[in-house]
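Asker: For the protein sequence lines, the chains are A and B, in the order given.
Per the working numbering, the very first residue in the first sequence carries number 1; after that it's consecutive.
Per the working numbering, the very first residue in the second sequence carries number 1; after that it's consecutive.
Keep in mind that the hints were calculated from the coordinates and are not lab data.
A portion of the hints provided could be inaccurate.
Calculated cross-link-like contacts (lysine-lysine; reagent style DSSO-like; alpha-carbon spacing at most 27 Å) [unchecked claim]: (1) B:K285 <-> A:K377; (2) A:K13 <-> A:K158; (3) B:K285 <-> A:K354.
Ranges of calculated distance between the beta carbons of each label pair, as one might list FRET restraints [stated by the list, open to error]: (4) B:E7 <-> A:E83: 52 to 58 Å; (5) A:E83 <-> B:G65: 54 to 60 Å; (6) A:Q95 <-> B:G269: 53 to 59 Å; (7) A:A306 <-> B:E267: 39 to 45 Å.
A short, non-exhaustive set of chain B residues, derived as facing chain A with CB atoms under 7 Å [what the hints assert, rightly or not]: (8) K10; (9) Q22; (10) R99; (11) K107; (12) S137; (13) L157; (14) E160; (15) R193; (16) G212; (17) E217; (18) V234; (19) R236; (20) F237.
Quick reminder that beta carbons are idealized off the backbone N, C-alpha and C, glycines included.
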Amino acid sequence: MRLFEYQGKDLLKSAGLTVPKGGLVASRDEALEAMRRLGGAMMLKAQLRQGGRGKAGLIQAVESPRDCDDVFRRLSEATLDGERVAAILAEERVQAAEELYAAVTVDDVAGTPLVVASRQGGTDVEDRGRSSAEAVATFNVNPLRGLRQHEALVVGKKLGLTGQQLTGFARAVLGIYKVFERNDAILVEVNPLLLTPQGDFVAADAKVEIDDDALPRHPHLLELRSQAVGANEAEERAAGKGFTFIDLPGDVAVLSGGAGFTMALMDLVEHYGFKPANFCDAMGGSGPDVVADLADTVIEKANADAGVKAVLFNFVISGTPLESVVNGLVKAFRNRPCSKPVVGSVRAFDAAVKNMSLEEGIRNLEGLGFKVYPEIKDALDYLAETVKDGRTR
Amino acid sequence: MSILIDENNKVVVQGITGGYAQRQTRLMLDYGTKVVAGVSPGKGGQMANGVPVFDTVQEAVAATGANTGVLYVPAVAAMEAAIESIEAGLKVLMIATERIPLQDSMKIKWLARDAGAWVVGPNSPGVISPGKCLLGSAVPSVVTPGPVGVISRSGTLLMEIVRYLSKGGCGQSTCIGIGGDTVIGRNPVDYLRLFDGDPETKAVVLLGEIGGLKEYEAAEFIRHMKKPVIAFIVGRFVPLGRRMGHVGAIVRGDRDTAESKRRALREAGAFVADTPWEIVELTRKVLD
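My request is simple: use the sequences and hints to build the entire structure.
Answerer: Structure follows, in structure tokens:
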């Protein structure tokens, strides 16, 4: 779950970091009032879950009441790649002698938290980091004992910081790590981390992403999720029902379980000259209701999207009972008939066929009008022959 | 020979009284795996699938000599259970549980490393050395004994590719679902090292995905391997920056892409397949 900047800053503040003074403004009057309080000039920052706000002009300095009015109105109506602005943050403008970068993320190879820091913060930090590796300092944290003060100092020294700047920077990095650890984050990024002319460090931005799998033990963070806006409706619904659905522009809808083979299936769809219209995945051991919900989402997509020419299904199951999958599909396709041809393959082994044989499962699916092939390759060959030539209904 | 598991593994199942775990235990017993104990706190003294149940792993080890663990404990309690198994001295622990918080997985990985234990997973479908031992539910009905080692991040992909390999006459030494999560007990490179040292394994099939950088670590090792590696990376047409079913498949930056990984593996000397059936063709070629 990605937090908004203002939510991330609350977490940073509670871990001892300095953040700019300010708060959310819900109306033009509130924005004007904030401007008076903050000394006549301030920043207005659109709150979105994705990056790239600065480049899109959604972070603006305002210096007059008229400015404030214009910018507030523009930001409240703005969208970025389809995501609507959720709120507007008004903040004091902080003088900076230097813009640094500091983050904690996960190193998937070492299996540790990773501190990443640079003297060159700002909007292009990734590009600059690549062009001059020495500008970026990294440190793998032992997850069993967390980041120690002396380790944060080493990171600062690698960046060439000395004296009070060094100790101030180490304090900021320790605070960022604390936010990462306390909240089960997978990313806490402060960019820029401003160094003021007075020698203080101020977190001017906050990108925080929480591990969804850890949300059950953070009820206060779970509440923040209800503030989510602008996400794809079908995708959100899927997340609430225990499966993943990602809407894509394509001509073959995919109905499948198991993330790995689904991705392979999408690659095959492309290999055959089509484009997958979605990604989907249900957890192992899913019951018929989850399968039915997943199937219903795919049928809805296939029926509503004129670009979708067919539904390609593939189920390979061993742990999940076959009847869970078959009954789920029967329920979904009876309830909402699919207007596009449904073609694919199903294989079941071991524990999956205790209560329903594969032959019986296939008969049930054929009863729904599915074209069931022994191998997915046969189904793809069929699609290539029929759908491509526009010979389907 | 095989790697990690063979006829000598004596298995304790953590969370054995759950419905899913019971089905999996049945499957392991049917395959001939020596499941000697189960653990379920508060249910010590009962039997499950004909296997004695203990309150703690330590008791199970003391009473039965178990040296290998399979873990089906729900995500919220999985780290406690894993620590218990590691501290009880189990040398191999397969964690099937999905959706374990990432910070817990990092702790499990490092505790196991310090204790010299080998953790497979989390989010692993299992491990199988055909004809010898099965942990979890990984593909017993599609394997055949033979010279190919198989490493996969995904369960369904493992099942399908192993089935194709068996049909194509390429039997397997050991097949491993290493786990689909961002952080796992052992990385692909660790399994490659074992396979390279296993006299029975003649070639290795590595099944990877978009997301994460573990395939680069593997590629560095493949450069120096004695045995050929056939690699297949899925997710070539998955859009950037979106969350897939596996947390580890979040694409961040160019190096996370399937295409970039395929290039690195090819440059390291691996044979890179474009389709599942090409994996079989390439494997047959290197075995001849």
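Asker: Run the distance test for A:K13 versus A:K158: straight-line Cα separation, threshold 27 Å.
Answerer: Since the Cα atoms of A:K13 and A:K158 sit roughly 26 Å apart, the hinted pair holds (cutoff 27 Å).
Asker: So, as I understand it, the hint says B:S137 touches chain A; can you test that by seeing if any CB pair is closer than 7 Å?
Answerer: Holds, about 5 Å.
Asker: Restraint: B:V234 near chain A, CB-CB cut 7 Å. Satisfied or not?
Answerer: 4 Å, holds
Asker: Is the hint on B:G212 kept, meaning its closest Cβ partner in chain A is under 7 Å away?
Answerer: B:G212 check passes; min Cβ-Cβ to chain A is 4 Å, inside 7 Å.
Asker: Against chain A, with CB atoms and a cut of 7 Å, does the hint on B:K10 hold up?
Answerer: 22 Å, violated
Asker: Would the hint on B:E160 be counted as holding, given a Cβ-Cβ threshold of 7 Å to chain A?
Answerer: This interface hint holds because 6 Å falls under the 7 Å limit.
Asker: Kindly confirm whether 39 to 45 Å is satisfied by the beta carbon distance between A:A306 and B:E267.
Answerer: 43 Å, holds
Asker: Under 7 Å is the threshold here; is the Cβ of B:R99 close enough to any Cβ of chain A for the hint to stand?
Answerer: The hint holds - B:R99 has a Cβ within 7 Å of chain A, the shortest such distance being about 4 Å.
Asker: Indicate whether the distance between the beta carbons of A:E83 and B:G65 respects the range 54 to 60 Å.
Answerer: Holds - the Cβ-Cβ distance for A:E83 and B:G65, about 57 Å, lies within 54 to 60 Å.
Asker: Please test the hint of 52 to 58 Å on the beta carbon pair from B:E7 and A:E83.
Answerer: 56 Å, holds
Asker: At the C-beta level, are A:Q95 and B:G269 separated by a distance inside 53 to 59 Å?
Answerer: 55 Å, holds
Asker: Do the alpha carbons of B:K285 and A:K377 lie within 27 Å of each other, as the hint requires?
Answerer: 21 Å, holds
Of the numbered hints stated above, those contradicted by the structure are hints 3, 8, 9 and 15, listed in ascending order.
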